[in-house]
Structure formats: structure tokens, C-alpha cells
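Spelled out from the first residue to the last, the chains are:
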Amino acid sequence: MNTDDRVLMQARGVGHNYGDRFGCCDVSFELWPGEVLAVVGESGSGKTTLLGALSQRLALSEGTIRYRLADGEEVELSQLSESRVRNLWRSEWGFVHQNPEDGLRMHVSAGGNIGEPLMATGWRHYGTIRATASEWLERVEIPVSRIDDAPVTFSGGMRQRLQIARNLVVSPRLVFMDEPTSGLDVSVQARLLDLIRYLVAELGLAVVIVTHDLGVARLISHRTIVMKEGRVIESGLTDRVLDDPQAEYTQLLVSSILGG
Amino acid sequence: MTPLLAVNGVDKTFTMHLQGGQQLPVLRGLTFEVGRGECVVLTGASGVGKSSILKMVYGNYGVDAGTIVLDRAAGPLDLAGAGPRQILAARRDTMGYVSQFLRAVPRVPALQIVAEPLVARGVSRADAEERAAGLLGRLNIPERLWALPPATFSGGEQQRVNIARGFIAELPLLLLDEPTASLDVRNGEVVVELIREQLAAGVGMLGIFHDLDVRDAVANRAIDVEAFEAGPARMAG
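Quick mapping for you: the protein sequence lines, in order, are chains A and B. Each residue of the first sequence is one higher than the last, beginning at 4 in my numbering. Each residue of the second sequence is one higher than the last, beginning at 937 in my numbering.
Hint data in this document are derived by calculation from the structure and do not stem from the laboratory. Hints should not be assumed to be uniformly reliable.
[To be verified] Partial pick of chain A residues on the chain B-facing surface, computed with a CB cut under 10 angstroms:
hint, residue
1, G16
2, G18
3, D29
4, E33
5, R89
6, R93
7, S94
8, R200
9, Y201
10, D242
11, D247
12, P248
13, S258
Beta carbons are placed, not taken as given, at the ideal position from N, Cα and C, and that holds for glycine.
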């Protein structure tokens, strides 16, 4: 974890309604640089809705989200213009989808998938872009010899690693992840989690990761929020939430983990 | 002089919601101190709450009442009331935990697991891995295993990896939960040596040792946890 002591994102009473039904409500937390926050819960708990609201992919129905920009300016996300939000996506934020198909261009080469975000931030020199793409393929453990192949020819684990490279190549400050390992075999999951953990620590990223898997939260997150029916049931240090859960629902989730 | 760790009036009860809200009182009024360079051991029958005490200090368990004040370089911190971020900072700069079991990401090599606490404190990876190699060597982990993830190691080897990881950062307070439980005599002696060196360097320790020879070799004082045992279980409501 790096030593930047200023809060990166502060959510207060955040909620999003679907018509007269709420997807999530009254969610509050603070996130610091270098910190991984896990949002856990079963399907339908509102965790993906929360991720959408935090990342401005869904409109905020209630509450506030303060965010500190790279230049130090603090902004209220819901008041940013669309073009400034687009700019955040280009330069400061990443989003790793559960299905790599949603975050990759499946018929563009692996090198192109990594190079595209660089070009969007103004990189022009083909040789430099290709060299950076090669470097990132290595970091996410994809053979550089596959640089000209499209991800449609890759395995699920490789696609997910490519999606991570595409997101991290522009050195984002905050990355949202929606069940990034859940579609993968257990052995592939472990490898991907390890890679995420390593890159997050090395790059000092802040991450909000949504998962239904408490084991994933245990391995990579510092703090955990437990959600049920759109509301926060319990939150705190990940070790504490998992080892000494206070709420009945959290105790039920923890007791359902196979093999502890 | 302020003690390194001061535990005062700590209560702990578990509420088991899945068993009809049954209350399991464990500890009442737990009070003791650990000084620098001192090894304090927790004694008492199995199930009395010795491991729970270590977990409350390290932040894995919450505390119902009382204070647990850790004297950090940055100033005293009451771990009983500290937030997640403060606990994480205290783990990084002041307290380490060595348990019987290794919990690590499955694919990370042993050398990297041991080096990690130093890297987290800003030491370069190369220097950290050199120190890690030194400790693994002392603990008789063969060099051919250093690049492998410990998931496939024997219980004793995993435990020694865990010990190396706990000792490498030379933090002011070490919490030891049966660090020699599944070690042979030779490796147990190495661990006793490591503990004595760190005590001499001023590190404070709070530990649980079932092996009486090891306990006698390192302990300065014993705290009988049974003196703080809470009453019998009650049903809620």
C-alpha cells in the first residue's frame, strides 16, 4: 500500500433506484489509494448496482460521491459533465468486467486491445505502442508471440488477463472489478487473483471489487462491505468481517464457505 | 516507560446467530502488559481463549469492552477502537503475527511470500529477497523450494515459511500462536534462537507455546488466562 494519506473516493448515503424499486441504498465508505475494497453478497444483493453507481455508469438516485482527481481537485462525481467523466475513463479509471467479451474488442489483435487505450490518451508512435503492448502481455503472462492474435482465439483465463492489461496500461488510479474471476476454473482463478494482487500492490491502485466469493475477498482485499437486499449489512477490516462476523447474515455466509 | 502493549479490562463474547443467538462469553476483564524485549506467554486449558487474545490484538476479532493500547512509533493506538486503516498501518509498522497455518495466495513462491512484509514497508525487492533467502536458509528450507509456492510443502515446511515471514520485518511486537507446533527438534531450536535474538534486540512478544521446553527457553512471564475466564454460556432473550 502506498502512503498517500488523502482519501481518493468518499461515498455517503449512495443509492440507485430502478423505478420505484431500489437497487442499492444508503451505502457509505471511504477508499484510499492502494486499497482494495471488496463488496460481497449473493446475486440480487445490489453489489453490481452499487458498482455501476460508483463508476457513474448508473445515475445516482441519492447520496454523494466525492472523488479526488489526479491534479488534486476534489469533485462531486454526479456534478461532472459527461465529457469530464469520459476523460476519467480515459485517464484515471478502469473497469474489469466479469465477461471479458464485454471489455475487449474480440476481433481486434491482443496488441491492438492494449494499444487502443494508449492511443486514446494521445500516444502516436507505433513502435512505442507495440513495445508497451508486448511488455504488458508479458506482465499478464500471455506469450508475446500471441500479440497479433485476436482474443476470440484465447482461452477464458487469457482473455481475462488481456482485459486486465487493457485496463492497467494507462496507469489508472481506480479500477472497478465485477466478479473478475468467477467464470474461470479454480486453478486459473488463483493465478489471476495472484496477478491482480501483485499489480495492485506494485502500481498502488485503488480497487473496488465485487464478488460473491468470500475467498476472493480474503485473498485480495483490505476491507470488505457485506450487502444484502441493496443495503450494507456489515463492513470493516476483511479479516475481522470473515473471522468475527457480527451480523447473522454474515455469519451465514462465512459458515457456508467450503473448507474455511 | 509506556509498555509496548497494554491490555486493560477487555471483555469478549461471541454471539452465535445461527444457534438461536446463543451467547458464548469467553473473557472478562482481561488485563496485562507486554514490555519491550520481553516474552509473555499465555497459559491455560485449551478453549480458554488464548488464541482469541492474539486475534483481538491483531484485529481479526472485535473487542466488546476495554482497551488494547499499542505504543507505535507514531504514538499510542487503542486497537480495540481502531478503524481498519489504523489496524492495517499497525500491522505494517508495529506488529506481526505468526500462526500455525500459512494463508497465502496459492501460486506465489515461498521466497516472495517471506519477502513481502519488507517490500510492503518500502524495502527494494532485491534486498527483501536476499534477507528472505537468509532466513529460509537458517530455517533449513532447501534452496530448490524457494521458487515454489508453499501449497505443496509439508506442514512443517509451511510453518517455517510462515515463521520466516513473521520474523523478517523485525517489527516491535510479535504475536506467536504455537510457532513450533509441528517442527522437529532441530528446527524448533532454530526458532528458539530467532526468538532470543529478537528479544535481545528489544522486540516484545506475546505467545502461546504448548511445548514446555520451548516455553521455558523463551518466556519471561506467564499470564494464566483462566483467571479471566468469563461465566457460562447463556441463551439470548
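Quick rundown of the hints versus the structure:
Below 10 angstroms, beta-carbon pairs count as interface contacts, and A:G16 has none with chain B, the closest being about 19 angstroms; its hint is therefore violated. Interface hint status for A:G18: violated, as the beta-carbon distance to the closest one in chain B is roughly 23 angstroms, over 10 angstroms. The closest approach between the C-beta of A:D29 and any C-beta of chain B is roughly 20 angstroms, which is over the 10 angstroms cut-off, so the hint fails. Using the Cβ-Cβ criterion of 10 angstroms, the hint placing A:E33 at the interface with chain B is satisfied: the shortest such distance is roughly 8 angstroms.
Contact between A:R89 and chain B, as hinted, is not supported at the beta carbon level, the nearest pair being about 31 angstroms apart and thus beyond 10 angstroms. Hint status for A:R93: violated, given a least beta-carbon distance of 30 angstroms to chain B, over 10 angstroms. Interface restraint check: A:S94 against chain B, minimum CB-CB distance 27 angstroms, threshold 10 angstroms, status violated. With a least beta-carbon distance of about 6 angstroms to chain B, the hint placing A:R200 at the interface is held under the 10 angstroms criterion.
Hint status for A:Y201: holds, given a least beta-carbon distance of 8 angstroms to chain B, under 10 angstroms. For A:D242, the shortest C-beta to C-beta distance to chain B is roughly 5 angstroms, which falls under 10 angstroms, so the interface hint holds. The restraint placing A:D247 at the interface with chain B holds, with a minimum CB-CB distance near 4 angstroms, inside the 10 angstroms limit. The criterion of a C-beta within 10 angstroms of any C-beta in chain B is met by A:P248, whose closest approach is roughly 9 angstroms, and the hint holds.
For A:S258, the interface hint holds, since its Cβ comes within 10 angstroms of a Cβ in chain B; the closest pair sits about 6 angstroms apart.
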